[in-house]
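**Student:** One-letter residues, chain by chain:
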Amino acid sequence: MNILGAVVTFLLAFVVGMTYGGLNRKITARIQNRKGPPFYQNFIDAFKLASKKSAIHHGAMHHLGPAFLMVSSVVTLMIVPVLTHSQWFPNLNFQGDLIFLLYIMTFGPLGMALGAGQTGNPNSAIGVTRGLSQMVGFEIPWVMALVAIMIQYHTTSITGLMAAQAQSGTWLMFSSPFAFIAAILAMLGMFGYSPFDVVIAPAELASGPASENGGKYLFTMMSSGSVFAFVKLTLYVDLFLGGADNIIMLLIKTFALYMIPVLYSNTSVRYRTEQSIRWFWGWPTFFGLLAILQAVIF
Amino acid sequence: MNELKEVIIKRIKANFADAAERNDFKDNRLDIAVKKETIPSILFYLKDEMGFIHLSDIICVDWLEEGELEVVFILWSPVDKIKVFVRTRLDRDNPVMDNVDMIWRQANTYEREMREMFGVQFTGLVAPDEFILEDWQGPPPFRRDFDTAAYAEKTFWQRPGREDAQDVRETIAKRDGEEIPDFAKKYSR
Amino acid sequence: MNDKNSQKIVDIIQNWARKHSIWVLAYGTGCGAIEIPPTMTSRYDAERLGVRGAATPRQADVLLISGYLTVKTIKRVIRVYEQMQDPKYVIGFGSCTINGGMYYDSYNTINVLDRYLPVDVYINGCMPRPEAVLSGFAQLQKRIAAGRATGAQHYKENLEWYRANQKKIIPNWVMPDYNW
Amino acid sequence: MREKATTLYIGPQHPGITGNMMVKVKVEGDTIVKARTEVGYLHRAFEKLQESRNWLQSFTLLCRFCVPEPDPVEESYARAVELLEGREVPERAKYIRVLMLELARMGAYMLWFGGQNASLGLYTMGQWSVGDRNYILDLFEELTGGRIYHMYIWPGGVRRDLPEGFADKVLRTMDYLEKRLKDYDDLMFENTIFQKRTQGVGVISKEKAVEWGVVGPVLRGCGIKSDIRIDDPYEVYDKLDFIVPTHEGGDIWSRALVRRQEIRQSIRIIRQVIEKMPSGEYYNRIPNPFKWTLPKGDAYARTESVRGEVGMYIVSDGSTHPRRTHFRGAAYVHGITLLENILVGENVADVSAIMNSLGVCPPEIER
Chain A
1 MNILGAVVTF LLAFVVGMTY GGLNRKITAR IQNRKGPPFY QNFIDAFKLA
51 SKKSAIHHGA MHHLGPAFLM VSSVVTLMIV PVLTHSQWFP NLNFQGDLIF
101 LLYIMTFGPL GMALGAGQTG NPNSAIGVTR GLSQMVGFEI PWVMALVAIM
151 IQYHTTSITG LMAAQAQSGT WLMFSSPFAF IAAILAMLGM FGYSPFDVVI
201 APAELASGPA SENGGKYLFT MMSSGSVFAF VKLTLYVDLF LGGADNIIML
251 LIKTFALYMI PVLYSNTSVR YRTEQSIRWF WGWPTFFGLL AILQAVIF
Chain B
299 MNELKEVIIK RIKANFADAA ERNDFKDNRL DIAVKKETIP SILFYLKDEM
349 GFIHLSDIIC VDWLEEGELE VVFILWSPVD KIKVFVRTRL DRDNPVMDNV
399 DMIWRQANTY EREMREMFGV QFTGLVAPDE FILEDWQGPP PFRRDFDTAA
449 YAEKTFWQRP GREDAQDVRE TIAKRDGEEI PDFAKKYSR
Chain C
488 MNDKNSQKIV DIIQNWARKH SIWVLAYGTG CGAIEIPPTM TSRYDAERLG
538 VRGAATPRQA DVLLISGYLT VKTIKRVIRV YEQMQDPKYV IGFGSCTING
588 GMYYDSYNTI NVLDRYLPVD VYINGCMPRP EAVLSGFAQL QKRIAAGRAT
638 GAQHYKENLE WYRANQKKII PNWVMPDYNW
Chain D
668 MREKATTLYI GPQHPGITGN MMVKVKVEGD TIVKARTEVG YLHRAFEKLQ
718 ESRNWLQSFT LLCRFCVPEP DPVEESYARA VELLEGREVP ERAKYIRVLM
768 LELARMGAYM LWFGGQNASL GLYTMGQWSV GDRNYILDLF EELTGGRIYH
818 MYIWPGGVRR DLPEGFADKV LRTMDYLEKR LKDYDDLMFE NTIFQKRTQG
868 VGVISKEKAV EWGVVGPVLR GCGIKSDIRI DDPYEVYDKL DFIVPTHEGG
918 DIWSRALVRR QEIRQSIRII RQVIEKMPSG EYYNRIPNPF KWTLPKGDAY
968 ARTESVRGEV GMYIVSDGST HPRRTHFRGA AYVHGITLLE NILVGENVAD
1018 VSAIMNSLGV CPPEIER
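Residue numbers (this note's numbering), protein chains in the order written: chain A, 1 to 298; chain B, 299 to 487; chain C, 488 to 667; chain D, 668 to 1034.
It is possible that part of the hints are untrue.
[Said to hold, decoys possible] Below, a list of computed lysine to any residue pairs in the SDA-like style, where the Cα atoms sit at most 25 Å apart: (1) D:Lys671 x A:Asn121; (2) D:Lys863 x A:Val136; (3) B:Lys452 x C:Asn586; (4) D:Lys849 x D:Leu806; (5) B:Lys334 x B:Asn397; (6) A:Lys35 x D:Thr960; (7) B:Lys324 x D:Val903; (8) D:Lys892 x B:Ser375; (9) C:Lys495 x C:Lys643; (10) B:Lys379 x D:Lys873; (11) D:Lys963 x B:Asp443; (12) B:Lys324 x D:Thr960; (13) D:Lys875 x B:Ile337.
[What the hints assert, rightly or not] Some chain C residues well away from chain A (every beta-carbon gap over 12 Å; in silico): (14) Arg563; (15) Gln570; (16) Lys575; (17) Cys613; (18) Glu618; (19) Gln653; (20) Lys654; (21) Lys655.
I should point out that these hints are in silico values taken from the structure, not numbers from a laboratory.
Since this is a predicted model, take the numbers as computed values, not measurements.
Ideal Cβ positions, reconstructed from N, Cα and C, are used throughout, including at glycine.
One chain only, chain A, in its complex shape (with noise of 0.2 Å):
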């Protein structure tokens, strides 16, 4: 029964990934005044990649590559509960999950900066250590909201912090309001979407560590991305919104909270590496600061 809630929750992260990263393609175009792509081009293009007849790869780590950033999303996705109490979507949740959760979320960028290295190529390499290094930005201020939430409601599970909010009534969204703008300014990072975009700066680095992957690898990435993208979203919204009791709510409540670096990434210049560090180490950490001194004291 498990297996196939698994394969299910799989499934819906990927189709709503892709719904989401197509959608983000159409007001890209919308606000650039075009017309824009339909939604539903993110699955031609990962169609597309997957039918590509050669696949030009350096060596086997870098064939691993995409594999480990697969990995790290799917495992991230069993652990985080998609709906409240359905049986549909049972998840692997136990007692520390948290502390696990931050492990494997870095699990796959470090396995792709591994694949990237053995390419040789320059700009891949470049991108490897600008991908790491901002990584180690946004890590900070997420790690402190965290920290904050797990103080204050003395537990570390995710369904432990659902059942904290059911019971109390309020969202944590406004009962730790520091942990929440901590988090979502550390999620902007996490996307990698404009004013962070430094490791795929297509400008600069001609996207960076991926610029050797191409066909099945670049399928890989894309659909890992974009199911990574929904796994986020839904744990911000278990954490911070209350979880969700049906798919229309879960919709909702992602879709509102992917318009947060959607939007701003339409109207923001690149960051470059350490302006971006230095940028996480200002207002976000400062929140996050808040955020502890708030559990701590109350």
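Use these hints to put chains B, C and D onto chain A, whose structure you have.
**Tutor:** Below, chains B, C and D alone, put in the same frame as chain A:
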């Protein structure tokens, strides 16, 4: 404008006796011809004392019939708003000249191009020897005795029917079953 | 017998996907590259046809030769073409790729592109307009859907002929061999 | 311990390069230690081809020099030929030429907005400005028949008179673009990240600018007021009043501000030209082009283009074919010696932004 030109001409003649000058031009322009040895000194003088600080252009012209290459420097003085053309002649068989990129840094690029296109050797020019053409075995291409049409004919494959672009019209006509409309029939043979 | 039919069905579906998602390599080789920004931006917007820019040859499907090709550029273009992944197409853009255009007698530009690279679609015009570029993409889409966009196949089959032509104009040939 | 310097080829095939040239950059960490440019990918040997074409045939080759803005090249060639032959241009043709030059300048600055912001990551701005540039290209298409290459400014005047109703169409476009400039300012110049990414990057000091022969908006960005339309006025620029904006600082930010203010000045000039446009003859007809010979001698004409001083030097030996034509673009000076000098010490992420701000246009370097 004319008396300003007279003043400039007099001062140049004072320092460079062999400068042959011409200033019968309507617009604000002067023309000075010197031998190639005095080029660096006259350029220094024009730039430092006379205020011609902007180097507009350096051009090499190939006078095949007279067997000489002519190098023209065009300077501009923003204060007096006058252009001056300093020209010199080089022997065509071994054109050698002094390098002037210590006066203007950008002259380095002009000289690299002239060395590659005309074969003018600049003593003291420090630059990688390949500038525009890559692995070029032929003679310096911009000299008038190099025939570019013949070279193109020999090296690059020409599509037949170029004389009257007949094949292009046919390919356009038979593109996916398109037949020529009758009003255009009389044009396409 | 039936695997031939099933292969045909798979091809039809794959060609449908390849038709609606064409990624053009960001490489403006000639003066025609000035008409690509207007085609990609808000008025003509090629993205609604699924045409999008790709940063590196590995990710690209279409190599757009926009205008004349000098000897120095064609050496890099061949290297880029051979790096692209298999179902790849070449669009010759402008009359300089068809018969040399107005530089037919220049010592540095090639005259006919399909002697050196397999070309699927030619767009004529001396700087074709964005509408012509979109019609070129539509033409390419029609050929892909019909399965007739087999330039890469042709390149593989008579590689020696292409190599001979290429080596005739490129003096020192220091390129890895083409392992598709 | 000094990091090992890796060489990064920001090569001909690169989304950030403005055109088709290569910058070989030796990088330690993220800062550039040494930069070498390699050009020659777009060399079509114009000047060699023009020797086998007569004066008017070589005119069609000209506007292919630099693609974003072909009109100053045509105008400087036409004026050089008129200077050499002493041919008089009717007053109305001069006004139409200034109208063409200013429209071309605005179109090129709109394209520059797109290029500069694409290199910095703000793609929306490129979509807006290149999309609005199409309105100017529509004007060109109606007047000359071609969007990009017009071949409209002939030696002796212009090829065709303004179609009726064209003048107020130009004025309507100018009003629309003036409204749009407000949106550009909000999106681009008020964007704090844009300021952080451009201020203090790619700095050129005043002395270095003069010594390295910098021209055009890059020189005005260093605070030196120099514009050929005022220093060496041609056509009817001395009868029009406009200011030459300068800005201290010499970095990408001040060059962007200078270009932005010049668009406003171009709109002012276009309105004055439309209002003062005299009626009358527009073309002093040249004789049969196949037998048209120019007197022996040489001439040099300069025009202010988007990238700076654009000059055409022609030499005639009295025959129907030019002995030599030499085109000098501003990118010839900015793109090689100056670029290699400025890039040292900059961050590798800013190479594309600096090239865009210098207006490096590779076809102009090797013609």
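**Student:** Decide, hint by hint, whether the structure agrees.
**Tutor:** Structure-based check of each hint:
For the hint linking Lys671 of chain D to Asn121 of chain A, the alpha-carbon distance of about 16 Å falls within 25 Å, and the restraint holds. Using a Cα cut-off of 25 Å, the hinted pair Lys863 of chain D and Val136 of chain A holds, with the two alpha carbons roughly 21 Å apart. Under the criterion of a C-alpha separation no larger than 25 Å, the hint pairing Lys452 of chain B with Asn586 of chain C is consistent with the structure, at around 15 Å. As the CA atoms of Lys849 of chain D and Leu806 of chain D are separated by approximately 22 Å, the hinted pair is consistent with the 25 Å bound.
Of the pairs offered as hints, the one joining Lys334 of chain B and Asn397 of chain B holds, with about 11 Å between alpha carbons and a cut-off of 25 Å not exceeded. Note on Lys35 of chain A and Thr960 of chain D: the hinted pairing is violated, with a Cα-Cα distance of about 54 Å set against a maximum of 25 Å. About 18 Å separates the Cα atoms of Lys324 of chain B and Val903 of chain D, which keeps this hinted pair within 25 Å; it holds. Of the pairs offered as hints, the one joining Lys892 of chain D and Ser375 of chain B holds, with about 14 Å between alpha carbons and a cut-off of 25 Å not exceeded.
At roughly 21 Å between alpha-carbon atoms, Lys495 of chain C and Lys643 of chain C fall within 25 Å of each other, so this suggested pair holds. Distance check on the hinted pair: Lys379 of chain B and Lys873 of chain D sit about 21 Å apart at the alpha-carbon level, within 25 Å; holds. A hinted pair counts as satisfied when its Cα atoms are at most 25 Å apart, and Lys963 of chain D with Asp443 of chain B qualifies at roughly 21 Å. With a CA separation close to 21 Å, the supplied pair Lys324 of chain B and Thr960 of chain D stays within the 25 Å bound.
The hinted pair formed by Lys875 of chain D and Ile337 of chain B meets the criterion: a straight-line CA distance of about 24 Å does not exceed 25 Å. Interface exclusion of Arg563 of chain C from chain A stands, the closest Cβ pair being 14 Å apart, more than 12 Å. Not every CB of chain A is more than 12 Å from the CB of Gln570 of chain C (nearest about 8 Å), against its label as outside the interface. Its beta-carbon lying about 9 Å from the closest one in chain A, Lys575 of chain C breaks the requirement of being farther than 12 Å from that chain.
Chain A leaves Cys613 of chain C outside its interface by the beta-carbon criterion, the shortest separation being 27 Å against a cut-off of 12 Å. For Glu618 of chain C, the requirement that its beta carbon stay farther than 12 Å from each beta carbon of chain A is met, with the minimum near 15 Å. The beta carbon of Gln653 of chain C is kept farther than 12 Å from every beta carbon of chain A, the shortest such distance being approximately 21 Å. With a least CB separation of 24 Å from chain A, Lys654 of chain C remains clear of the 12 Å interface cut-off, as annotated.
Residue-level check passed: Lys655 of chain C sits 28 Å from the nearest beta carbon of chain A, beyond 12 Å.
The structure fails hints 6, 15 and 16 (numbered hints given earlier, in ascending order).
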